[in-house]
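J.: Sequence:
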Amino acid sequence: MKIFICCSKHVYSKVPPIKRDLEYSGHIVTLPNSYDNPGREQEMRDISDRVHAEWKGEMICLQKTKVRDNDGVLVLNYEKNGQPNYIGGATFLEMYMAWDEGKKLYLMNPIPANILKDEIEGFSPVIINGDLSLIGL
581 MKIFICCSKH VYSKVPPIKR DLEYSGHIVT LPNSYDNPGR EQEMRDISDR
631 VHAEWKGEMI CLQKTKVRDN DGVLVLNYEK NGQPNYIGGA TFLEMYMAWD
681 EGKKLYLMNP IPANILKDEI EGFSPVIING DLSLIGL
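The numbering used here numbers the first residue of the sequence shown as 581 and each following residue consecutively.
It is worth saying that the hints were derived from the structure and are not from the lab. Here a beta-carbon is modelled for each residue, glycine too, at the ideal position from N, C-alpha and C. Honestly, I wouldn't trust all of these hints.
[Stated by the list, open to error] Here are the simulated PhoX-like pairs of lysine-lysine, each with C-alpha atoms no more than 25 Å apart in a straight line: (1) 594 with 683; (2) 589 with 599; (3) 660 with 697; (4) 683 with 589.
[What the hints assert, rightly or not] Pairwise CB distance ranges (calculated): (5) 694 with 593: 37 to 47 Å; (6) 606 with 627: 40 to 50 Å; (7) 707 with 627: 33 to 43 Å; (8) 629 with 690: 29 to 39 Å; (9) 628 with 606: 26 to 36 Å; (10) 714 with 634: 37 to 47 Å.
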C-alpha cells in the first residue's frame, strides 16, 4: 500500500522509525510537505505575507497531488503544546482530501476532542492507537 504520512512539523522527529516500519512491512511511504526543510515556512513568512500566502497555496496543491497518488493517509496526531492528539489546519485539509478521494484514512491516536471532532468522525478514520500493523487491513 502507498501511504502518505501527514503531521505537524513539530513531530517530524517521529517520522523516521514509522517510515522504516511501514517500509519493512512492504508499504511505500510519501513524506510530509517540507519534511526535508521544516523551517521553510518561516523562511517564506520572513520574506513577506504575500510570498508566504503563495507558498501555502503551492503546498496545498502539493498535498492534493500526494493524496491522489497514494492509497491512504496516515495522520501522526500526537500531543502539541498540551493539546492531546493534535491535528492542525493543513493536516485537517489533507484528511478532507483523502476522504473526498475515497482514500483510506488512519489516525495514529484517537480523534482530538476539539471543534473539528464531528467533522473528523464523519471521515470515518481507522484509529490504530500506534499499531502500524493495522494499516492496509
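J.: Determine which of the earlier numbered hints do not hold for this structure and return their numbers in increasing order.
T.: 5, 9
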